[in-house]
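Visitor: Each chain, letter by letter, is given below.
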Amino acid sequence: EAQVTQNPRYLITVTGKKLTVTCSQNMNHEYMSWYRQDPGLGLRQIYYSMNVEVTDKGDVPEGYKVSRKEKRNFPLILESPSPNQTSLYFCASSFRPGGLTQYFGPGTRLTVL
Amino acid sequence: GEDVEQSLFLSVREGDSSVINCTYTDSSSTYLYWYKQEPGAGLQLLTYIFSNMDMKQDQRLTVLLNKKDKHLSLRIADTQTGDSAIYFCAEIAGNMLTFGGGTRLMVKP
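First to last, the sequence lines map onto chains P and H. Quick note: the first sequence uses my numbering, first residue 1, plus one each step. Quick note: the second sequence uses my numbering, first residue 1, plus one each step.
Here chain H stands alone, though its shape is the one from the complex (with noise of 0.2 Å):
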């Protein structure tokens, strides 16, 4: 499978913005997506962006895709403990998803 790369480890304090970033490699995937795990659970579908869009925003949330560098983006505004988690970026390449390491968020009070 292809490779999708995060960083391991972000840490940041309550009320500040998180951005987590990813890269991918399959330029023809169609969707990017994140995903967030919480401690002891299985992975949430959080937000997602179609492959011709640059940017969209959900609420706190801000996708950010650029397609020319391969780099997707997270972008959590007013950042809270309950995000506290690990996020992943993944990509569809044929009939597999391919997922990053993940990025493990810790929020500090």
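Isolated chain P (complex conformation) (with noise of 0.2 Å):
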């Protein structure tokens, strides 16, 4: 089944605890993207990925970083949680950017104490 998997799906921390937020997808995609879902400002994109080791910036980089060593797998670090980072995370998936069969993991609820 094609799917893009994250982990955790839930999660509660405290400020400065660093933390990972991992990301799979099945598909031999290129483009791999992070956004976070905040209410009313709708999805905003954090980091995407072109294809392995290649990696830009998005929307709203600060308090991030990817990586991109394997085609599969786009991991999201929090070197340094802080409050404002509490949000809900979704990895996303697809040949190319914005491509029709653009598929989205199930999300990450991060809470940061």
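Hints are computed from structural coordinates only; laboratory data are not their basis. Note that the Cβ used here is the ideal one computed from N, Cα and C, for glycine as well. Among the hints, erroneous ones may be present.
Claimed, not checked - Across the chosen pairs, the derived CB separations fall in these ranges:
| # | chain 1 | residue 1 | chain 2 | residue 2 | range |
| --- | --- | --- | --- | --- | --- |
| 1 | P | P39 | H | Q80 | 24 to 30 Å |
| 2 | H | Q80 | P | E53 | 43 to 49 Å |
| 3 | P | V14 | H | L8 | 29 to 35 Å |
| 4 | P | P61 | H | F50 | 26 to 32 Å |
| 5 | H | N95 | P | N84 | 22 to 28 Å |
| 6 | P | A2 | H | G94 | 24 to 30 Å |
Unchecked claim - Residues of chain P clear of chain H, computed beta-carbon distances all greater than 10 Å:
| # | residue |
| --- | --- |
| 7 | P8 |
| 8 | V14 |
| 9 | G16 |
| 10 | T20 |
| 11 | S67 |
| 12 | K71 |
| 13 | R72 |
| 14 | N73 |
| 15 | P83 |
| 16 | T111 |
| 17 | L113 |
Build the complex from these two chains, which are given one at a time in their own frames, with help from the hints.
Guide: Here is the structure:
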């Protein structure tokens, strides 16, 4: 089954404690991206990757890091989380940006206390 | 990124038509999209329109595109309670997909 998986689905943490949210896709997609969703603001892109070892900043990259060492995985790293990073995070993948076969993960709800 | 704007909320009665509007900013967008997000779920691509089209119909869904005004709309005919969700329009700008803030559609029985 074609899918994008994210882990964990829910996470409560404290300010400053490094965390990683994993994202994996099984469709051999080149393009992967991370979004955060906040009420009234829609989805805002954090980072995206056109292919292995190629990553670029989206609209709201501050406080986040990503890596793309393998095609299937695109982890999101928060080195020192802060309360304003409390949000719902989505990973997505497709063959190209905005592709008609874009798949979204189920979301990770992060709370930073 | 560019700003894509939508109204926040729409309430309709079951069986009525719903029209969700969106304004976008990048005239070079090749595709414009509508996504649906049901409660507790990720986003699902609902429909799309290519920028050289004015209208696209897909069963109960009609997408209208006015490139001059950079206005996109989604019409849902015979709206059902199962259509209750948040609807996002999105455009491609460069290599980034930019979303509107989402319109929450509430369907009353």
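Visitor: Kindly indicate which numbered hints from before are broken by the structure, ordering the numbers from low to high.
Guide: Structure breaks no hint.
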